[in-house]
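Go by the hints and put chain B onto chain A.
Protein chains: 2
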Amino acid sequence: MQVGADNIEASRVNGTRVYNTDGDNLGHIYDVVIGKRDGRVKYAIMSFGGFLGIGEDYHPIPWDVLKYDERQGGYVVGITIDQLKNAPRYASDTSPDWVDPAYGKRIDDYYGVSY
Amino acid sequence: MQVGADNIEASRVNGTRVYNTDGDNLGHIYDVVIGKRDGRVKYAIMSFGGFLGIGEDYHPIPWDVLKYDERQGGYVVGITIDQLKNAPRYASDTSPDWVDPAYGKRIDDYYGVSY
Numbered sequence: 001m002q003v004g005a006d007n008i009e010a011s012r013v014n015g016t017r018v019y020n021t022d023g024d025n026l027g028h029i030y031d032v033v034i035g036k037r038d039g040r041v042k043y044a045i046m047s048f049g050g051f052l053g054i055g056e057d058y059h060p061i062p063w064d065v066l067k068y069d070e071r072q073g074g075y076v077v078g079i080t081i082d083q084l085k086n087a088p089r090y091a092s093d094t095s096p097d098w099v100d101p102a103y104g105k106r107i108d109d110y111y112g113v114s115y
Numbered sequence: 001m002q003v004g005a006d007n008i009e010a011s012r013v014n015g016t017r018v019y020n021t022d023g024d025n026l027g028h029i030y031d032v033v034i035g036k037r038d039g040r041v042k043y044a045i046m047s048f049g050g051f052l053g054i055g056e057d058y059h060p061i062p063w064d065v066l067k068y069d070e071r072q073g074g075y076v077v078g079i080t081i082d083q084l085k086n087a088p089r090y091a092s093d094t095s096p097d098w099v100d101p102a103y104g105k106r107i108d109d110y111y112g113v114s115y
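Here the protein sequences come in this chain order: A and B.
Residue 113 in UniProt numbering sits at position 113 of the first sequence; the count goes up by one each step and never skips.
Residue 10 in UniProt numbering sits at position 10 of the second sequence; the count goes up by one each step and never skips.
Note that these hints are calculated values from the structure, not bench results.
A few of these clues could be false.
A pair counts as met if it fits within one copy or between any two copies, since identical chains are not told apart.
Said to hold, decoys possible - When the alpha-carbon atoms are kept at most 27 Å apart in a straight line, the in silico DSSO-like pairs for lysine-lysine are as follows:
1) K85 with K105
2) K67 with K85
3) K36 with K85
4) K105 with K67
5) K105 with K36
6) K36 with K67
Same shape as in the complex, but just chain A (with noise of 0.2 Å):
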């Protein structure tokens, strides 16, 4: 199995920062959604305090799309702020309903990911 550096407390994932590929420091990662059955990381929940315009909203945005970057201490979205402004979100004092199927499809597609 993968070990070592790799490895990291999901509540230590919490807190790490969230650059661009310009290296903008974007926000920071509010939680991670895992798979309860099948072990995976599904989404990454990031708060962009404030950077969009949009208050403390929680993009939920797929793992794949987050790159770790050992160099920066973070991790690296290839996504553009327009791309984001546009993208799924949801009040930092509200929660999603992570049972409604159609709303992991809609990050998904909104991404162009699939699992």
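Then chain B, alone, in the frame of chain A:
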């Protein structure tokens, strides 16, 4: 992809109760360890608060050893108390060296799983 009730925020996994196959409540999940790059949940860190008479130690257990039981609303581990007593664990005020591949291998070997 799998969506729906299967998905949950990692922060909400923490605190989920853990039972053995006899239905005894052993403790709860303290955290999960994920692979930063491969996006797999590797270990659940379990807190057996005093149940084994060993104080607040944490046991990292391979994720695949846990089965989620919808009826009980918690995880069931198919391991005996004796297995747990001798299993790798660490004091709650310390942190294992996840960077050391031998540590992960020791856990996997103990529970007889491989990735």
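Tested hints:
no. : hint          : in the structure
1   : K85 with K105 : within (18 Å within a copy, 43 Å between copies)
2   : K67 with K85  : within (20 Å within a copy, 38 Å between copies)
3   : K36 with K85  : between (30 Å within a copy, 26 Å between copies)
4   : K105 with K67 : both (21 Å within a copy, 25 Å between copies)
5   : K105 with K36 : both (18 Å within a copy, 23 Å between copies)
6   : K36 with K67  : both (23 Å within a copy, 9 Å between copies)
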